[in-house]
Amino acid sequence: MTSLAPFLPFFIGAALAAVTHGALRGAIMVATPVLSAVNLWYLDPATIETVSLVGRELVLVEADRLSMLFGWLFHLAAFIGAIYALHMRDRLQHVAGMVYAGSAIGAVFAGDLLTLFLFWEGLALTSVFLVLARRTRSAERSAIRYLIIQVGSGLLLLAGILALIGEGRPLGLDPIALEGWAGWLIFLALGIKCGFPLLHNWITDSYPEATETGAVLMSAFTTKVAIYALARLYPGTEALIYIGATMTMFPIFFAVIENDLRRVLAYSMINQLGFMVCGIGIGTELAINGAVSHAFNDVIFKGLLFMSMGAVLYRTGRMNGSDLGGLYKSMPKTAVLCIVGAASISAFPLFSGFVSKSMVMVAALDGGYDWVWLALLFASAGVFHHAGIKIPFFAFFAHDSGLRVKEAPAPMLVAMTIAAAICIFNGVYPWLLYDMLPFPVDYEPYTWAHIVTQCQLLFFSALAFTWLKLYRIYPPELPGINIDAEWLYRKLLPTVARRGLMLARNMAAAGRIGCEIVTDAGLVWLLRCGGPKGLLARDPVMSVATLAIVALFAAVLLLELVRGS
Amino acid sequence: MREDTGERRTPERRHLFDDPRNVQWVIRALAAACLLVLAADFLVDRDADHPWESLFAFYALYGFVACVLLVLIAKALRKILMRPEDYYDD
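Heads up: the sequence lines are chains Y and A, in that order.
Sequence positions in the first sequence follow my numbering and run 1 to 565.
Sequence positions in the second sequence follow my numbering and run 1001 to 1090.
Here chain Y stands alone, though its shape is the one from the complex:
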């Protein structure tokens, strides 16, 4: 039996969802990932589908173990996301979400860089609607920033591809060395989507602004496609080890003092991506397996955490830790499901993070990166602190905010329960996941040493939190924002541009006075030859004349400046 290209069912489903409504659209949303998964099951791994575009052969579909793993993962995420979104009646989000999932699937089955580029831009153009669909002024502005950065990443990728073509190199998805224009441009393109330090703020900017469902889908697809591409194109690149270690470290400090709980999760996402980037940098079979399996688990537990916070946002309309608290009283099921996600991200034994994160840690020690290992260990304690404790604690416990709301809607609870079940399943029985990894797994997560050391790390981290909280050393949740690298383009650049514009205006005004004197003589002549209503005396011509003279002045000034310096 032959099957469709893996991304097609989602595009067809999206087209159908666009013209239907109500229960029928809901059925299409849930059926699409299921039917698409059946289609994927029958995909012959040897299939290579190509099309011709502007004289180049595009490899639309090429499957191997790595793309299959991400393919299954994205189907799972799309299925959970579709159920989670069922309670809403929002065509824009439903359709955008499906094309977005299709683009992610298309990207991981792309057989060459140009096809990857097309789906890469597809991810950007579709996911932006999940931010816009929030329909607030601040979401709109955040969406524009998001789009500029995402499309920018795509353009860097395209520039890198053109450089590769220029060097006469093939466009297959094989490792690229970090050298030359092509190597660096593509590295930077992936780096933006992976959330490398200083390039990371689009994550913390847009995810908290997205809709409840939007944040869940966005946390699943964009960054994981980037991790997939990084694992294909730059495995064993040493710089990634240090970039990854930095990514695990710095966000946890921001997460501790951040008030918006979905932004806390966004910082925590960068921290988790750091473990994956680090594993790809180490590049051994164990490390790549660790990075990829952690990507799998992260999609599910981070999705679960985003879903639980989405449910809180949906019911209370609030997301700031300073406004929430005590919600276990009215949303007990959501609270329990959130705690499962928190235990998974913290890597408690029997939860999914435990079986994947440690692979990267062991690989770091095996590779002799002792300091990196210490950093990752610090970050592991930190992630428990901010994602494992802070998220559930400030939303559901802490001081009672007095908010009394209904439990999350049934579809949301079902979606969260499925995600929680996968978190526990992968934690208890990791072998199914291990069997899907790109390399054979020679790693045993459940040794007594691993269990005891991990429990020591986590319990004593919890003890530290309890002590700091009881003695009121722990910083309270306060309304406010924390400046980050985005300050450069959200504050410094606009300020400089505004000042520059003011300066230019003043100069133009000064120039205009000069012009008036010069043109007065000309006016007399114009009046005489054209009359007051004459063509030459009309305003547009005047302003053109003025501008031309200002430009001439500016040119003379500039020449002087250049000559003088």
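These aren't lab readings, by the way, just hints derived from the structure by calculation.
Honestly, I wouldn't trust all of these hints.
[Said to hold, decoys possible] Pairs of lysine-lysine residues, derived as DSS-like cross-links and limited to a Cα-Cα distance of at most 25 Å, are as follows:
1. Y:K406 - Y:K333
2. A:K1075 - Y:K406
3. A:K1079 - Y:K333
4. A:K1075 - Y:K491
5. Y:K491 - A:K1079
These figures come from a predicted structure and were not determined experimentally.
Using the hints provided, position chain A relative to the given structure of chain Y.
Chain A only, in chain Y's frame:
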């Protein structure tokens, strides 16, 4: 671990952590769990990949110190980084 648990605004049924004794119970359970995993350090043969790993209670100490440092540094960073909520809106 839980604070202000006695406070209630509307007359409603008492919830789990409205009773300070339950909060105490959680804290005691955590302390007991900590002692237990420390004791386990004697029993388990740890095949250490790194010399520091074989130190007694290395992970416990590291976790505790890491979290305290994390919070203290983050708290200090707040003085530099924190801005009003409308900082970027103009």
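Hints versus structure:
Among the hinted pairs, K406 (chain Y) with K333 (chain Y) is consistent with the structure: their alpha-carbon atoms are about 11 Å apart, no more than 25 Å. Between K1075 (chain A) and K406 (chain Y) the alpha-carbon distance is near 35 Å, which puts this suggested pair outside the 25 Å criterion. Between K1079 (chain A) and K333 (chain Y), the direct Cα distance comes to roughly 37 Å. Violation of the 25 Å bound is thereby established for this hinted pair. For the proposed pair K1075 (chain A) and K491 (chain Y), the alpha carbon gap of about 23 Å is at most 25 Å, so the pair holds.
Distance hint between K491 (chain Y) and K1079 (chain A) is fulfilled; the C-alpha atoms sit about 19 Å from each other, no more than 25 Å.
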